[in-house]
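Please take these sequences and the hints and turn them into a complete structure.
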Amino acid sequence: MNVLLYTGNGAAKGAIYHTSLMLKSLLSKNYDIMEVDANTIINEPWQSTTALLVFPGGRDLPYLNDLSQKGQNYIREYVKTGGNYLGICAGAYFGSSRCEFEINRPHYEVVGERDLSFSKSVAKGSVTANFVYGSESGSKAMAVQIDKNMLGLDLNEQFSSEIINLYVNGGPYFEYSSEAKNERILAYYLIPTPNSEPKRLPAIIESNFGKGKAILSGPHLEYSPNVITQTGYRSSLNSNTSSTLSDHVHLLTLLPSLISTEKSRLIFLRSILSLFSLKLNPEEVFDEVLNEKLFPKITAMSLTGLSSYGDTDVKNLLSYLNENSQLSQIFENNEGKTKATECLFFQDEFKFLFLNKSNANNITESEINTTLKNSNLINDEELRNNLLIKIYYENFTGDENELNNKLDNAKISEKVDEKSLTHFNPNYYIEKLKNLQKTSGKISFGTPILYGEVVGSTQTLLEKNFKLLRNLNDGFVCVGSHQIAGRGRGRNSWISQTGCLQFSFVLKHENAGSVIFIQYLVGLALVESLKAMKGMEDLPVRLKWPNDIYAFSPLAPNKNLTDLRNYKKIGGILVNSNFIDGKFILVIGLGLNVNNPEPTLSVNDLRKWFCPDIFPLSQEEVLANFFCKFEEIYRVFNKPDFPPFANMELSNQIVTLSADSIRENAILYTNKINQEVKVKITGIESSTGLLKAVGLNDNQTYLLQPDGNSFDFLQGLIKRKA
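Take the sequence shown: its position 484, counting from 1, is numbered 484 in this note's numbering, and each next residue is one higher.
The set of hints was computed from the structure by calculation and includes no laboratory data. Glycine is no exception: its CB is placed at the ideal position from the N, C-alpha and C atoms. Hints should not be assumed to be uniformly reliable.
Lysine-lysine pairs mimicking DSS-like chemistry, simulated, CA-CA at most 27 Å apart [said to hold, decoys possible]: (1) Lys211 / Lys24; (2) Lys692 / Lys569; (3) Lys24 / Lys464; (4) Lys568 / Lys692; (5) Lys148 / Lys120; (6) Lys583 / Lys464; (7) Lys583 / Lys639; (8) Lys181 / Lys211; (9) Lys29 / Lys569; (10) Lys531 / Lys432; (11) Lys531 / Lys559; (12) Lys508 / Lys434; (13) Lys608 / Lys279; (14) Lys279 / Lys568; (15) Lys534 / Lys442; (16) Lys568 / Lys608; (17) Lys534 / Lys568; (18) Lys568 / Lys678; (19) Lys639 / Lys508; (20) Lys13 / Lys29; (21) Lys211 / Lys568; (22) Lys531 / Lys692; (23) Lys680 / Lys568; (24) Lys559 / Lys569; (25) Lys442 / Lys639; (26) Lys608 / Lys432; (27) Lys531 / Lys434; (28) Lys680 / Lys544; (29) Lys639 / Lys434; (30) Lys29 / Lys568; (31) Lys544 / Lys508; (32) Lys639 / Lys544; (33) Lys80 / Lys120; (34) Lys263 / Lys148.
Restraint ranges, calculated between C-beta atoms of paired labels, are given here [to be verified]: (35) Lys438 / Asn39: 49 to 55 Å; (36) Ser48 / Asp581: 42 to 48 Å; (37) Asp613 / Thr562: 22 to 28 Å; (38) Arg565 / His250: 53 to 59 Å; (39) Arg184 / Val285: 26 to 32 Å.
See the structure below:
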């Protein structure tokens with residue numbers, strides 16, 4: 001399931017930053033946090049896969065304008081049918097029944113009804129005086145009193161006080177309606193008065209709307225003073241505008257008050273998200289996840305492989321590393337500007353690290369060297385100083401500088417220093433690959449292997465380093481145990497947790513007519529490689545067309561293996577391509593949950609239920625078996641007389657095509673474009689790679705496009721891809 005954060009027009013850059021950090025630190029172990037805009041809300045089918053929709057601070061008028069009536073209707077219907085909505089500051093104005101902002105103030109007044117109307121309350125603001133757009137001058141740390149009875153919290157145990165100081169800048173209070181039978185106030189502003197008792201104004205309200213729930217918050221409950229302390233003013237809520245020194249100074253004056261109740265804020269925030277029935281990250285990993293997002297530390301990588309692997313390509317790769325020693329030669333040029341995205345930096349012939357800088361325009365090599373030596377990108381201090389990633393060689397004990405004279409005899413080693421290996425062991429993987437060689441013949445795919453415990457994205461690492469990519473051999477694989485920027489298809493990102501096998505490999509394919517089938521081939525190979533392991537022939541794992549792997553959940557309400565609603569996603573495939581020198585160079589990324597029971601289930605969960613006599617599977621074993629099976633299928637696939645996917649596992653399933661899907665995403669010449677049609681899936685069309693279906697009543701052939709339709713056997717229909 002996804003948690004969607006709206007980042008379209010109107011959403012403030014700083015608000016997006018803090019809200020994203022909040023969601024990832026509290027929910028990322030179980031949900032995919034995705035950024036969306038108005039186009040996604042209006043045109044893509046996000047509702048059924050979304051656990052929470054979040055609108056952050058900013059301005060709500062652009063929300064209204066961009067989403068239009070159509071987009072707001074989709075949001076309203078989503079919540080009404082069981083969805084969850086969290087609106088903060090501008091998102092709270094947007095979700096109320098009426099907005100009354102800075103009435104009678106020239107250039108600021110915004111007054112009008114709001115169509116979402118999750119709450120009957122009127123959102124009135126700014127609750128703080130002297131609000132200024134794009135400035136911190138009107139921001140305050142306001143005392144907010146929690147209603148412990150509403151939240152069910154034992155404040156005596158968890159809080160030193162039921163009053164929390166929260167950042168407020170332009171947010172509303174709520175004029176609570178007596179007609180609001182399904183609403184309740186979760187927290188109040190405490191407004192100082194000349195009298196001893198402060199004035200209480202509703203600050204955060206909860207509304208049960210249809211089958212769903214909306215929570216509207218005037219204060220920025222997501223705002224972390226520790227984050228602003230660690231990252232500086234650039235992460236403030238108004239960092240997308242020109243700031244002044246006085247803004248910065250004013251913000252710093254708020255921090256002591258905010259920090260004093262920070263522990264209570266975090267507990268309160270967890271309780272707010274729990275009201276949506278979301279599964280939160282364990283408390284003990286909160287700091288770990290937050291620090292990982294703030295200061296991602298990329299670990300060293302090792303390169304190893306089979307000794308029988310051809311030396312020619314190895315020498316070409318090593319020569320390439322030697323020749324491209326200057327940083328300026330590695331950066332890709334984008335319209336005359338230097339762009340660095342996960343670029344490789346080579347200090348000398350065998351020293352390189354992964355540079356993860358968002359702004360490398362006009363930066364000099366000297367400046368980058370200075371930055372890297374003082375950076376937090378590398379965990380190990382010695383590694384950070386030497387900028388070294390180890391490449392291991394067979395039978396070589398000399399000084400590293402001598403390696404330059406040994407290129408002609410260089411072989412990639414079969415051994416890696418195992419001292420720092422905790423999640424994946426390349427040595428064990430190579431042993432598994434060697435054992436499979438004995439029965440399957442020479443295996444050229446899956447070696448050499450470049451492995452790092454913490455990487456940005458294995459897919460980005462290979463795909464974006466274009467000069468490096470063209471020098472890599474067929475089957476070169478990059479594995480990362482934990483990806484801090486894992487990529488999925490489209491806007492998706494892969495939830496990268498310990499226990500998930502995540503890798504990308506290179507495939508050079510010459511036949512343009514068959515390249516469209518590669519993603520299906522990879523999916524089938526992954527499914528078949530699992531079932532090919534001894535004792536696992538009946539493992540209930542399936543390919544969801546075109547690029548997802550699903551498996552039967554042992555915890556499903558019923559044990560019917562034919563009930564497709566009982567299946568959950570355990571993996572996915574991503575293919576990126578470049579056409580170079582008359583051939584396609586593909587970077588194929590895969591993610592498969594092998595050992596982690598979250599966020600859905602793992603291969604080893606299936607093994608315990610369906611193959612209890614089989615020892616737990618390791619990631620190394622699964623990876624080696626995949627490459628063995630893929631190479632076997634790929635060799636057959638390349639034969640001239642091979643009919644691709646003649647007996648697909650999906651064939652003969654009955655599904656329903658929606659009218660929109662037929663009209664926009666199917667190749668079909670018929671007048672019946674406004675009707676749903678029941679069809680039988682019959683396979684993949686051999687010349688186009690499109691999914692082929694035949695109408696049950698009209699016998700019409702439908703060719704369905706992968707980029708526009710997703711065969712979802714859980715829903716029994718073809719839908720547009722989010």
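- Tell me, which hint numbers fail for this structure? none
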